[in-house]
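Chains as they are written, first to last, in my numbering: chain D, 20 to 263; chain P, 27 to 245.
There could be a bad hint or two in this list.
What the hints assert, rightly or not - List time: in silico DMTMM-like cross-link candidates among lysine to aspartate or glutamate, alpha-carbon distance up to 20 Å:
#1 D:K153 / D:E85
#2 D:K111 / D:D188
#3 D:K153 / P:E197
#4 P:K149 / P:D235
#5 D:K95 / P:E192
#6 P:K36 / P:E116
#7 D:K138 / D:E215
#8 D:K111 / D:E208
#9 D:K153 / P:E192
#10 D:K25 / P:E232
#11 D:K138 / D:D164
#12 D:K138 / D:E210
#13 D:K25 / P:D235
#14 D:K138 / D:E85
#15 D:K111 / D:E215
#16 D:K153 / D:E208
#17 D:K25 / P:E34
#18 D:K153 / D:E140
#19 P:K78 / D:E149
#20 P:K36 / D:E26
#21 P:K149 / P:E116
#22 D:K95 / D:E208
These aren't lab readings, by the way, just hints derived from the structure by calculation.
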Amino acid sequence: MERPLKEQTRRSFLTGGIAALAGFGAWRWIGSRNLEGDVPWPLRRALQTNEELTRDYFRPTRLAREFPRGTSGMPKVNGEVGIDDDDFDVNKWRLEVHGLASAEGQATFTLADIQAFPKVEFVSELKCVEGWSKRVHWGGTRLADFARRYPPARSGTDSYVGLATPGGDYYVSLDMASALHPQTLLCYEMEGRLLEYSHGAPLRLVVPIKYGIKNLKCIGRITFSRGRPPDYWGERGYDEYAGF
Amino acid sequence: MTNLPRIEQKHPRAIRWFHWVNLPLLSLMIWSGMLIYWAHGVYIHFPDWFYKLFNIPYRLAEGMAWHFLIMWFFALNGIAYVIYTVVSGEWRYLVPNRQSFVEAIQVTLHDLHLRKTAPPRRKFNGAQQIAYTSIVLMGAGSLITGLAIFKSVQLGWLTALLGGYEAARLEHFLLTCGYVMFFFVHIGQVIRAGWNNFRAMVTGLEIVDDEEAADGTPA
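If we strip away everything but chain D, and leave its shape as in the complex, we get (with noise of 0.2 Å):
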């Protein structure tokens, strides 16, 4: 009676451990390919297929949640990559936008052009991959409803948007169809005031579908384009999509 148990206890023991090596070497096969934007080649592609079916699944009319008035305040300040000229000048600053459908391609606008769109308000939450979220009170232009006056020269599925601050220091793509969802927001206010530079004044992105990473602070140009643009974290080892 024993003989059996021993062989089969034996036998699956080995088993086990074969398994277990083979686990553990595919954990530190993954973790020690190239990297691609900062995280092995394996876990990049992973992120990439989240995001198909993600962008597969996407309906532009699935809204963040918005909040009632009262329930806001300021988010802490969490990041001065490209806000930290201190000789900024609000007054000198202009809004580049390229890639556009008109036959310059690009344009310049004032903090007024973009102030004379409808205004939109609303409180959602601000979603910072850290693991921590606020409810801001934001107020601006639908990104939508600019790209309607100034159509892109290209908005199929494989066109993007890419934003970065003045000196360019701070950069994010979105896909279109984020870009283009009804609470994302060229945004010049926050809790009911102009925007403090910290924050990123004059002009900032709110895509409240997306983590805070992609808000980006001071917009000095929008970009539209075919094919994705740079994105500053997605080259850190972010999730290059960072939607929900």
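Given the coordinates of chain D, work out where chain P should sit on it, guided by the hints.
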């Protein structure tokens, strides 16, 4: 009447594989979850020595990438396990019934040496049925709360059902705490139950000796 000790098949091969595959998958989910949690530490502040010991600090991006890869395997293994237990009929041993709750109290009292009567000699006693069914429900809970955080807009109805984004995040965290507690109790019980019981989870085979009274609660 005397029966010789005999060898019996206890755990089917499939269940043993699901169980052991789940161990590294859940460990990787908790590990990558800790890499993420470190970045803000909303609920509990873990001591710095703990973070250092497991090389956790400054690995948020890596943690997210691992979490969003392994989640698929964790989900598939869990779903396959549930389907298997239903189709094979194994669920009958695992799902608690009306007596399980009273029995669970008796087993607990026995384990705490407050009650002499040994737990029943079945594959799983009431306490085990409750524990093993709860852990599967918790797994489902982790998938659902995780999905509600991961796609809080496109699956906004799910997030709303769970009480919102912040609530889903807390629930996701608490479930993880639950796993860790389960793990320690489970390991304790496995050690108490002894080699014969542990071997059964690896080989599937168990020595059954009717003569001997229960030498402990199987884990």
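These are the hints, each one checked on the structure:
no., hint, result
1, D:K153 / D:E85, "holds, 12 Å"
2, D:K111 / D:D188, "holds, 19 Å"
3, D:K153 / P:E197, "holds, 18 Å"
4, P:K149 / P:D235, "holds, 14 Å"
5, D:K95 / P:E192, "holds, 17 Å"
6, P:K36 / P:E116, "holds, 11 Å"
7, D:K138 / D:E215, "holds, 19 Å"
8, D:K111 / D:E208, "holds, 19 Å"
9, D:K153 / P:E192, "holds, 10 Å"
10, D:K25 / P:E232, "holds, 11 Å"
11, D:K138 / D:D164, "holds, 10 Å"
12, D:K138 / D:E210, "holds, 14 Å"
13, D:K25 / P:D235, "holds, 17 Å"
14, D:K138 / D:E85, "holds, 16 Å"
15, D:K111 / D:E215, "holds, 16 Å"
16, D:K153 / D:E208, "holds, 16 Å"
17, D:K25 / P:E34, "holds, 14 Å"
18, D:K153 / D:E140, "holds, 16 Å"
19, P:K78 / D:E149, "holds, 18 Å"
20, P:K36 / D:E26, "holds, 17 Å"
21, P:K149 / P:E116, "holds, 11 Å"
22, D:K95 / D:E208, "holds, 16 Å"
Comparing the model with each earlier hint shows no violations; every hint is respected.
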